[in-house]
Amino acid sequence: MYQQIAMYATVFFVFLLALAFAFVYGESKRSGEYSTIQKKGYKIRKFYFLGLIAIMAFATVMTLGRLPYNSNQAEAEGLNDAKVVQVTGIQYAWEMSEETFKAGDKVQFDVTASDVTHGFGLYNENMELVAQTQAMPGYTNTVYYTFKEPGTYQILCLEYCSAGHHVMVKEIVVEPEGGASYE
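Counted from 1, the sequence shown has number 136 at position 137 by numbering that gives the first Met the number 0; the numbering is strictly sequential.
These are calculated hints, taken from the structure and not from any lab test. Check each hint, because a few of them may be wrong.
[Unchecked claim] Below, simulated EDC-like cross-link-like pairs (lysine to aspartate or glutamate); rule was C-alpha separation at most 16 Å, straight line:
#  : residue 1 : residue 2
1  : K169      : E158
2  : K169      : E97
3  : K105      : E148
4  : K82       : D104
5  : K147      : E174
6  : K147      : E176
7  : K147      : E158
8  : K147      : E127
9  : K82       : D109
10 : K101      : D80
11 : K105      : E174
12 : K101      : E170
13 : K105      : D80
14 : K147      : D114
15 : K82       : E98
16 : K169      : E124
17 : K169      : D80
18 : K101      : E124
19 : K101      : E148
20 : K39       : E26
21 : K105      : E176
22 : K169      : E94
23 : K101      : E174
24 : K147      : D104
25 : K101      : E176
None of these values were measured; they are calculated from a predicted model.
Build the full structure now, drawing on both the sequences and the hints.
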């Protein structure tokens, strides 16, 4: 669906660009007094510049304002009481301080690496990415996730880290809230 929308948007903007080139080409054949053209250009330039500033400000607010990684994320989502799990990426495995959780658990993953940069990707049973951050040597990134459904989740490396990258998979089990083991 998104690819089709992107295709139509691309075709539309290429068409607009072609129209702009055709207009410029057509207007370049006309001769006119430069000073009158220059006055019009300077009047338009101010509005063009202000329009670009407004568009860029709007785009900045709409994109950066929705980033989930801010200093108040834990407080805003009620995650101050989250379980803290230490995660270390090593070639070609994940070491975790805890590997079994219950549905409803709020978890704070403190992710680092001991050797090279790895990508920490937490996937649910449908292989949908539900949480992601970078695992970097000498630095700890924090990502929060609340396990809503029981099941077997997987942590995959999202950053090519060498020849054994494809085997860097860790399974974690999320049991139902009542405590019965997950089958």
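Between the alpha carbons of K105 and E176, is the straight-line distance 16 Å or under?
12 Å, holds
For the pair we were handed, K82 and D104, check the Cα-Cα distance against 16 Å.
8 Å, holds
Please work out if K82 and D109 have their alpha carbons no farther apart than 16 Å.
Distance ~10 Å between K82 and D109 Cα, so the pair holds.
Hint consistency between K169 and E158 [alpha-carbon to alpha-carbon, up to 16 Å]
15 Å, holds
Taking 16 Å as the top limit, are the C-alpha atoms of K39 and E26 close enough?
14 Å, holds
Satisfaction of hint between E148 and K101, Cα-Cα up to 16 Å:
9 Å, holds
Would the hint linking K101 and E170 be met if the CA-CA limit is 16 Å?
14 Å, holds
Sort out whether E174 lies within 16 Å of K105, counting only the CA atoms.
13 Å, holds
Is K101 close enough to E176, meaning Cα to Cα at most 16 Å?
Within the cut-off at roughly 5 Å; holds.
Does K147 pair with D114 here, judged by a C-alpha cut-off of 16 Å?
Status violated; Cα separation ~32 Å.
Can you confirm whether the C-alpha distance between K169 and D80 stays at or below 16 Å?
25 Å, violated
Run the distance test for K147 versus E127: straight-line Cα separation, threshold 16 Å.
With Cα atoms ~14 Å apart, K147 and E127 stay inside 16 Å; holds.
Figure legend: structure checked against the earlier numbered hints; hints not met, in rising order: 7, 14, 17.
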